[in-house]
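Student: Sequence:
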Amino acid sequence: MSNQGAWSNRGRVRGQQQPQAPLTRGEKPFLLEEDFPKLGASTPTKSAWGKPAPAREPQQEVKKKVVAEIPPMPEPIQESILISKDEEEEAKPSQIINQEFPAKPAARGTEGQSIKLRTNHYGLNLKDSFTVYQYDVKVNRKSDPTKEILSKRLMRKVFAVLQSQLPSEYENKMVCNFSKNLYSLIRLPFETSESYKLKIEKSFFLITLTLINQVTVKKNFYQPLDIQILNLIVTHNFNYSCINVNRSFFKEGNDTFNLGFGLDLWKGAYSSVRPSELGLTWNVDSANAAFLLSENLITLAKNHYGFDQNSDIDKLRDAILSDKKEGVIGYRFVEAYKNREIKTKTGDFWKKFVGFGPDPVSHKFEWMQPDGTKKTVSVADYLSERYGIKLTYGNLPCVDLGRENYLPMELCRTELKNKRKLDCNETKAMISKTSVPAQNRMNYINKWIENSNINEDPVLKEYKIDVDLRMVEVDGRVLEPPDVQYETQTIASKTIGKKGQWNHENLKFYQSIKIEKWIVLNFAFKVKNNALDSFINKLIEIGEKHGIFMDKPLKIINQTEKMDDIKTRRIIKQKLDEQKDIQLIVVIFGDTANIYKMVKTQAELISGIVTQGVKDKNVNKTNDQTISNILLKINCKVGGKNFVLSRENRHFGKYIQKLYDGPLMIFGADVTHPAPAPGQHSESIAAVVGSLDKECCYYAARLYAQISKKGRSYEMIHNMDEMFFDLLNAFAKQNGNRYPKRIVFYRDGVSEGQFSLVLRHEMNKMREACIKINPNYKPGITFVVVQKRHNTRFFPIKPQDQTGNSGNVPPGTVVDKHIVTKNMFDFFLCSHSGIQGTSRPCRYFLLHDDNQFSMNQLQILSHYLCHVYARCPRSVSYPAPAYYSHLAAFRGRDYIRPTLKAPQVGIVSEKIEINQNIKDRMFFV
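Mapping of the sequence shown onto this note's numbering: residues 18 to 942, in sequence order.
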C-alpha cells in the first residue's frame with residue numbers, strides 16, 4: 018500500500034474517471050459562494066502540497082480558557098470566510114464541484130456467501146431522449162406585486178389554473194416544482210417572457226414566466242438536472258391526488274391510524290428517480306407522517322377537555338372559562354393549538370388561532386354596511402345579516418384570529434397539517450405503529466405501485482416513460498462477522514453468526530480499570546434508600562465479573578428536594594467542586610432533563626470528572642443485563658476497553674492486519690444541526706473522534722460550535738484542521754510520539770450533492786494539519802462517507818435466508834452491483850440484525866483513497882468496525898467511529914453555554930473546550 022498518494026493533486030484514480038458534472042443549465046448551487054471555503058482563504062495554496070505554505074496574516078484563534086462556572090464562555094471568535102472580488106473568480110461553482118473521485122473497481126467484492134435479494138427499486142424505461150424548455154416562475158398577488166408568493170399549496174392551484182387557460186396542446190406536457198421552475202416539452206406561446214392574470218380563491222394573481230434554458234435529457238447519460246426533471250415528471254400528478262411532504266405522498270383517508278394527541282398517522286410512499294448501473298430506477302419506499310387533525314374547533318375542544326361529543330355545550334363553555342392562567346382563557350387549549358391554521362366558513366380563508374375572546378352575542382363592533390352607513394352590531398347579528406348564518410352555540414366564546422378578529426367556534430375548523438417535530442410520547446406511539454416486518458413492508462410497496470396506475474399516467478406517456486412493475490432483483494453476499502477478543506476469551510465469528518450479537522456474561526473486559534474513588538449523587542426523589550443500596554451492591558458485584566473492581570463509594574449524596582434551576586446549578590457546582598481526585602460520579606436522574614445538562618456541563622467542561630447517568634427506574638428495578646450495559650459505559654469513560662477485534666480471525670489477517678500495523682488511526686466525523694424553527698437561527702455542532710490505541714477501539718473527541726450566514730446549516734467542518742491536528746497529537750502522545758502512517762476517515766451525514774464541497778474543504782484542512790506537524794508528514798488518507806438517510810431496503814427472496822422475527826436480511830449483507838452508481842466506489846452494507854421493523858442498510862461512498870483499498874478490504878473493515886461499538890455486545894448499523902462522532906455531537910448540544918449569533922457573511926465558530934483531565938477519555942458514550 019502506498020502512503021504518498023494523498024499529497025498529489027487528485028489522490029488515487031483507477032483507470033479513466035469521469036468527473037462529476039458541474040451545476041449547469043439554470044440549476045442553483047445549494048450554498049451561495051460565500052458560504053464555503055475558497056482557495057487562498059481557508060484551504061492551502063497550491064505550493065502547500067509539497068512545501069510549507071507561504072506565510073499568511075495570522076488568523077484569530079480560540080484561546081483555551083478554564084471555565085469558572087456555567088455558562089460563561091469566551092466571546093465567539095469570528096473565523097469567517099470572507100469573499101473578496103479577487104476571490105470570486107477563483108471560486109466559481111464549476112471549479113468547486115468538478116472533483117474526481119476514485120473509480121469503481123473492476124473487481125467487486127467476493128467474500129461471503131451469496132444471497133438473492135429484492136430491493137424497492139423499479140426499472141424506469143426512458144424510450145428516447147427529449148428536450149424541455151425551462152422557465153423561471155414568479156407569482157404575485159395583483160394587489161401587491163412587490164411580494165412574491167412562495168406557498169407551494171397556493172402554487173399548485175396557480176399551476177392548475179394556468180394549465181386550464183393554455184391551449185389543449187400543452188396538456189400533460191408541462192411539469193413544475195411549484196416553486197421557481199417550470200418545464201415544457203413544447204415552447205410556450207411567447208418569445209421570452211409573459212405574464213398571466215389568474216383568479217384563485219376569490220383573489221387575483223399574476224404569474225410571470227421567463228424562458229431561461231433549453232435542456233436535453235439524454236438516454237443513458239444523466240446529469241443532476243436531468244434527474245430533477247425526471248422526478249418532477251414521475252410525481253407530477255401525485256401532487257394533485259395526494260398531499261406532498263418532502264418527497265413523500267399521502268392520500269387522505271387511505272391507511273390512516275389515530276395516534277392520540279390530536280394526531281393521525283398516515284401511510285404513504287416515498288419516491289425518487291435514481292441513476293444506477295441498471296440505468297434509471299424508481300426508488301419507492303413506505304412513508305409515514307403525523308398529521309394534525311382537520312376538525313371543527315368545538316369537536317377538538319370537547320376532546321381536549323375530556324367531554325363526550327354528545328355532552329352539554331354549557332359544560333364545554335364552563336371548562337374553557339375556568340381554564341384560566343396568566344390572563345388567558347382556555348389556557349391549556351390555547352397552548353396546544355396556538356398558531357394552528359384555521360379555515361373559516363365565512364370567507365374560506367386561513368387565519369392563525371391566537372386564543373379565545375368574548376362570546377358572539379355580547380361582543381359588539383362597528384360595521385360599515387354596503388351602502389356606506391355605519392351600524393353597531395353583535396357578531397351574531399352581523400353573521401345573520403351579512404351571511405344569513407344562524408348560530409347554534411352563541412354562548413361559547415369566540416375564537417380570536419388576531420387583530421381583534423372574532424369568529425364563533427362553530428364556524429372554524431383546523432386545517433390538515435403535517436406535524437414535523439414530535440415529542441417523546443408522540444414519537445413512541447408512531448414507532449409502535451410504523452415498525453413492520455420486512456415482508457409486510459415489501460407487500461405494502463408493491464400494492465402502492467399497483468394502485469398508482471403509474472403506466473397509465475398521461476404525463477409519463479407524453480414523455481415516453483414506462484415503469485417495470487416488478488421489484489429489481491440483485492445479487493448480494495453475507496460477510497462473516499469478526500472474532501471479538503475479551504481479556505482471556507475470544508468470541509468466535511460462528512458464535513456471533515446470523516444474530517449479530519453475543520453473550521458476554523461473566524466475561525472480563527479486554528482492559529478493565531479499577532475504580533477506587535467514586536461517589537453517587539442522587540437527584541431522583543422517587544428512589545428509596547434500600548433500592549439505591551441494592552443498585553450499588555449489584556454494580557460492584559457485576560463489575561467484578563467483568564474485571565472492574567469497584568470499592569464502596571466514598572459518598573452517597575441525596576439531593577432530592579425540589580429546586581429551581583438556579584439553585585440546582587449552584588448545588589451541582591458545589592458538590593462537584595468538593596470532589597478531589599475522583600474517578601467517577603454515578604448520577605441518578607429523575608424526569609428533569611435540565612439537571613442532566615447541568616451535570617454534564619459542570620463535570621465535562623469545568624470540573625473534569627466523568628459521570629455516568631442512571632435513570633431512577635433502573636435503580637428501583639435492577640437486572641443484571643441493565644447493570645452490565647451501564648458498566649460497559651463506565652469502563653470506557655474511566656479509560657478501559659471492553660472488547661477488540663481478534664487478530665486471529667482469518668479475514669483480519671488477510672485484509673486488515675497490514676493496515677493496522679501501519680500504525681493505523683481511524684476517525685469519525687459528524688455535524689448535528691438544530692431542528693428547523695421559524696425565525697430562529699441556531700448553531701450546529703461539529704464533532705470529530707479519533708482512535709488513540711493500536712486496536713482502534715479507544716477514541717477521543719473534539720467539538721466545535723459553528724454557524725453560517727443567516728443561520729443556515731453548514732455541513733462542512735470549519736475547524737477540521739485544528740481538530741485533526743489535536744487528535745493526531747493525542748495519538749502520538751499515547752503511542753511513543755509515533756504518528757499514524759495510515760488514516761481511515763468515516764464521515765457521517767453528507768448527501769451526494771455535498772460530496773465535492775465537503776471533501777475539498779475537509780481534505781485540505783487535514784493536509785494543513787499534517788504539514789503543521791511536519792512538512793514531510795504525509796500519511797495515506799482514505800475518506801469514506803457513510804449514509805443512513807436513504808430509502809433503499811433489501812428483502813431476502815428465499816424464506817430460509819430471512820433472520821429474526823421481522824424476516825430481515827442477515828447481518829453482513831452487502832450489495833455492490835446493479836443499484837449502485839455507475840462510476841463511483843460505493844456499496845450497501847447491512848451490518849446489524851434488525852430488532853424491530855425493516856433493517857436499513859448503510860451506504861458507503863469512497864471519495865478519496867491513498868491506501869489502495871480493494872472492495873473486499875473496505876467492506877470487511879467497515880463491517881468489522883460495526884462490532885466494536887463499546888456500548889453493547891452486538892453489531893450496530895454503522896462503524897463505531899461514525900457512531901461515536903454522532904454521540905459526541907449530540908453531547909455538545911447538551912452543554913449549557915451561550916449560543917453563537919449568525920453572521921452576515923461567512924462562518925462563526927467556537928471551540929467547546931473539554932476539561933484537560935478527560936478530553937482524551939470516552940466521556941461521550
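Treat the hints with caution; some may be incorrect.
Claimed, not checked - Here are the in silico distance ranges between beta carbons for each label pair:
1. Asn554 <-> Ala124: 31 to 37 Å
2. Lys159 <-> Lys481: 22 to 28 Å
3. Phe207 <-> Arg437: 19 to 25 Å
4. Lys750 <-> Pro816: 52 to 58 Å
5. Ile573 <-> Gly670: 32 to 38 Å
6. Thr505 <-> Glu294: 46 to 52 Å
7. Thr507 <-> Asn435: 29 to 35 Å
8. Lys355 <-> Lys711: 39 to 45 Å
9. Glu352 <-> Asp325: 19 to 25 Å
What the hints assert, rightly or not - Derived DSSO-like pairs (lysine-lysine); straight-line CA-CA distance at most 30 Å:
10. Lys671 <-> Lys511
11. Lys543 <-> Lys590
12. Lys543 <-> Lys726
Just so you know, these hints were derived from the structure itself, not from any lab.
All C-beta atoms in this analysis are idealised placements derived from N, C-alpha and C, irrespective of residue type, glycine included.
Student: Take the hints in turn and mark each one as holding or not.
Tutor: So, going through the hints one by one against the coordinates:
Hint check: Asn554 to Ala124, Cβ distance near 57 Å, so the stated range 31 to 37 Å is violated. For Lys159 and Lys481, the hinted distance range of 22 to 28 Å is not satisfied, since their beta carbons lie about 38 Å from each other. In this structure, Phe207 and Arg437 break the distance hint of 19 to 25 Å, their C-beta atoms being roughly 39 Å apart. Checking the proposed 52 to 58 Å range against Lys750 and Pro816 shows it holds: the Cβ atoms sit about 54 Å from each other.
Judged by the Cβ atoms, the range 32 to 38 Å given for Ile573 and Gly670 is violated: they are separated by roughly 49 Å. Checking the proposed 46 to 52 Å range against Thr505 and Glu294 shows it holds: the Cβ atoms sit about 47 Å from each other. Distance hint for Thr507 and Asn435: a CB-CB separation of about 50 Å, inconsistent with the stated range 29 to 35 Å. Range check, Lys355 to Lys711: about 57 Å between beta-carbon atoms, so the 39 to 45 Å window is missed.
Between Glu352 and Asp325 the beta carbons are some 23 Å apart, a value that agrees with the proposed interval 19 to 25 Å. With a C-alpha separation of about 18 Å, the suggested pair Lys671 and Lys511 falls inside the 30 Å cut-off, and the hint holds. Restraint check for Lys543 and Lys590: satisfied, since their Cα atoms lie roughly 23 Å apart, inside the 30 Å limit. In summary, the hint linking Lys543 to Lys726 is not supported, as the alpha carbons are separated by about 46 Å, beyond the 30 Å threshold.
Violated hints, in rising order: 1, 2, 3, 5, 7, 8 and 12; the structure is consistent with all others.
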